[in-house]
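J.: Each of the two chains sits in its own frame; use the hints to bring them together as a complex.
One letter stands for each residue in the lines below.
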Amino acid sequence: MNNIHAFQRKLLMERSVPGRIGSILPDLDVPKQNLPRPELLRDNLDFPELSEPEIVRYFTNLSRLNFSIDTNFYPLGSCTMKYNPKINDEIAFSPGYAGLHPNQPIDEVQGALTILYRLQGYLREITGMSGVSLAPLAGAQGELAGVLMMRRYLMDNGQEQRLKMLIPDSAHGTNPASAKMAGFNVVSVPTDDSGNTNLEALRAEATNDLAGIMITLPSTLGLFDKNIVEICNIIHQAGGLVYADGANMNALLGQVKIGDLGFDVMHLNLHKTFSTPHGGGGPGAGPVAVKSILEPYLPAPIIGLNQEPNEKHYYLESPNKSIGKLAAFHGNFGVLVRAYVYIRSLGDYGLKQISENAVLNANYIKEKLKGYYNLPFDRNCMHEVVFSATKHKDKGVNGLSISKRLLDYGFHAPTMYFPLTVDEALLIEPTETESKETLDLFIETMKSIDQEAQSQPDLVHDAPHNTPIRRLDEAKAAREPDLRWSRPEEP
Amino acid sequence: MNPSDRRYSKDHEWAQIVGEEVIIGITNFAQEQLGDIVYVDLPEVGSNLDQSSKLGEIESVKAVSDIFSPIGGAVIEVNQAVLDSPELVNQDPSGSGWLVKLAPSDASSDFSSLLTSDEYDELIENEAH
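Going down the list, the protein sequences come from chains V and P. Numbered according to this note's numbering, the first sequence spans residues 1 to 491. Numbered according to this note's numbering, the second sequence spans residues 1001 to 1129.
If a hint is listed, it holds; no wrong ones were tucked in.
With the Cβ distance kept under 10 Å, some of the chain V side facing chain P (calculated, not the full set): (1) Asn398; (2) Leu400; (3) Met416; (4) Tyr417; (5) Phe418; (6) Leu420; (7) Asp423; (8) Asp473; (9) Glu474; (10) Ala475; (11) Lys476; (12) Ala477; (13) Ala478; (14) Arg479.
Each computed BS3-like pair below joins lysine-lysine, with the alpha-carbon atoms no more than 30 Å apart: (15) Lys1054(P) to Lys476(V); (16) Lys1101(P) to Lys476(V); (17) Lys180(V) to Lys1010(P).
Label pairs and their calculated CB-CB ranges: (18) Lys1010(P) to Thr80(V): 33 to 43 Å; (19) Lys393(V) to Asp1092(P): 20 to 30 Å; (20) Lys1054(P) to Pro488(V): 42 to 52 Å; (21) Leu11(V) to Asp1041(P): 29 to 39 Å.
Honestly, the hints are just simulated from the structure, not real lab data. Here the structure is a predicted model, which means the values were calculated and not measured. For every residue, glycine included, the Cβ atom is placed at its ideal position computed from N, Cα and C.
This is chain P alone, in the form it adopts within the complex (with noise of 0.2 Å):
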């Protein structure tokens, strides 16, 4: 069960509003399918994203990953502790492995097109079997 106090991406990506920022993060079942995460890249601090651009890399033992943006924004701060202990996303997506904060440009409408935990909890069913 993921957390219902967020909003997903059909590319597994977790959005969380708090306050004026948005922090973002990869579920549990994306950490779970890459393996051990050996390596994580992240964007500048500044730097602009689109909804759905590409937000960074990640690489794990079996390969290497690109992340997107569930929604789009300007960069104000990006998880150093995950850049310099990679494993955090594995042990904790949905909390001390978050990735990235933003500060966003339309949250209200980027939120709209993702999917609730119910839907993502049903997407990921599915792809599992």
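Bound-form chain V, shown alone (with noise of 0.2 Å):
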């Protein structure tokens, strides 16, 4: 191996010299003071010694190996990244949202409660709902919001003993946890042969101990239920409510308003939908919106606004039955600031643009891709598309050498292994930025998997081959995670 890609595997404190300094403190300029406590003081803690160069090569060679939605294609979409237009970072980068303090005088902080109140209405506005609370640092935050409320409203019309709530098996892997912490009991609902929530085995469970269901929609199988209004009727008919996981609606987007659905709670992925750079956990915002009949329950704080003669003012307000606050302060303003300038930069036209493009480019990539490999459900897709990596397994290429032996076309890979009910799942989503011509060289390779599969299946089984780190032994990692560097016994 050549010495120079040995070295830059090092880590720092592999690469540290005793005595080598980065920087030169500058002098003493106040009285030197005794600790009142110097036993607090250290002196055998474990830091790197690197010169200033030496760190700055570390860094830098560490962020060359970064694959980003700035350099390559993502077709596992907004689930993790799409692309965030760059004015929606710059602007809320601004000092004037980024130096706020959350404790700020609230006479000093109107232009950021002008964005709040805003970006309440056009989520309202865009859900159908009729209040929105911006609370909710993530999405699972947003559907744990939705389900207290709806636990509270249960409770507060006499009925505590309804707490079944039915999941249907294509919906996100987080509502059921959401629905327990709630205090529900899960009771999960099979998808039918063509993709559609089973309706027979939903009115089975529709009895008087029901408190509502969770649905995601479009679902993770990238289908729009096509029995939705039919489900909410029933739902409703049986005394429950009903909740939209609204993850995907990058797919509806000025389409269709969830709340004229019959829904009555859902959350909104400001980071997903709406952009924001949130790939490694963060940060992120579930608005949750509600029907009148909720809107006593929202998280707060909500912000309100007084019209006077000649001035506003907007101001914040718990609802007078809240479920209380999700966090210290008013949700991840840096977010929502994003979510304004998208929303305000596209406008109406533009955002029904999105959805229209995120499904056209779904169901391109299905057309072009079903004789190659297998669509267990053969329909109009949403804004992404699930295929079955089965064709080759007797060769031992499956969906994860699939998605690894993209990395070395240069692609991230796609969502494996997930929705859990299909085999080898593959879940492909373009997102409605990428150009016919990114989506056909993502085809092609495609292709040339599939064939390279076919004749020479070895070279998929064992890919990546030109990433910088080959295939790692992933079963190893789970069984003995190694989290820790410590340093070498002496020899």
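T.: Here it is as structure tokens:
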């Protein structure tokens, strides 16, 4: 192996040389004081000792290993990262927003509250709901807020025995966890052969202990449930409430209002649908939107407006039966600013085009690849399409190998092995921003991999070959996790 | 072909009567579907399980799955080797990769509700296609 590569793999601690320094501290310009308790000072801490250029090269080289939406195509879509216009970041970083203190007097932050107030209004319009709270800090927290509101509403109406929460098996994995945290018992509802919720199974569960249903729309199969209005009716007739997981709103923006379909409560993932860099786990924003019956329960704070004759004054309020606060302050403000800028710069026409292009791009990939990969649900998809990589299993090539082989071609892997109901699932979400040229390149690559799987299965099976690190032993990493560097024993 | 000396559940567990005890594990088909198993969670010795109740969890590189007890009874032994080396379930699901031993509460009635090896072979044949 080339020595430079071995050197570049070394960790900071392994590059450390005793006594080497990266910067010189300025002379002391205040009187020297003795510590009141010098025993608190430890001198046995293991810090790396390096020069400035060594540190710069270490981090610069690490950063060059990054795979990002700014460099390559991500067929796993908004779930991890769709392209986020740079102007959103630029405005969110401006000192007037980034420099605000959450405890600043309300009169000094009227501009920031204007944005939040308007954003509440835009989200009400987009969802067709009557109340919105921007407080939840993530999609899953939005879910929790939503189901806690359902629970409180049922209790206030003498229905505390209603504890059964239905969740289709095509829902997001966080839904059952949220329902359980709010005190509900989760019952799974199967999908029928065409990918819709099985209505017969649903009706059988619509009993007098039913609290409601949590539906991901479109589902994780990338399908719009054709029975959705019927589902809402069945649940309502049985006395339950209907929750929409709006994480896949990329497919529906401006086309349909979730509230009009009959849903009572939903959350949006602003960091997915309305743009914010969020790969790696944050930050997010999962506002909840509700019909009027649930409005009194919304999490605090809600932004209110006093319309004086000559002056507007925005204020923070807590609805009278609020489930309370979800965080110390006002939600993830920077994410909310980005969503506001995104909505304002695209406008109603632009938002509609997002969903049209997201759905068109996914269907384009579906049509071009369906002769090459098994398509479990051969019908129009929404913003994502699920294939089943079972065709070459006899040659030892599965969804994992195909995903790894994509890395060799400079593409990120799609979501794999999810949804769980599809064998060897490859869930491909191109998103709305990708051009036909990029999609064609991806499609041709997927066809090449299919060809390779037939003629040279080992090439696919052992992929990746061109990446800085080759196939990782995921099983060993999970069985024997090695999470901490420790200094090797002196020889 | 699955061994004919035991019975099978539709959830892909097996149960084998050995003297007074019943040994429980997951099938070869189940371990193939799960992929590399990295963690196994099993009940405490002494806990009581109803038939079809949750026995534990298996985590693979793909997913976390519940395991259900094909028969009811009290746990008298858990396979420590599997807890230490989960890959045993991949390597030998029908043998050394067993999960727990139960003192059955009603073995004969529980067993009659399970599938024979022939019926189970047919079930997975259908699931695979």
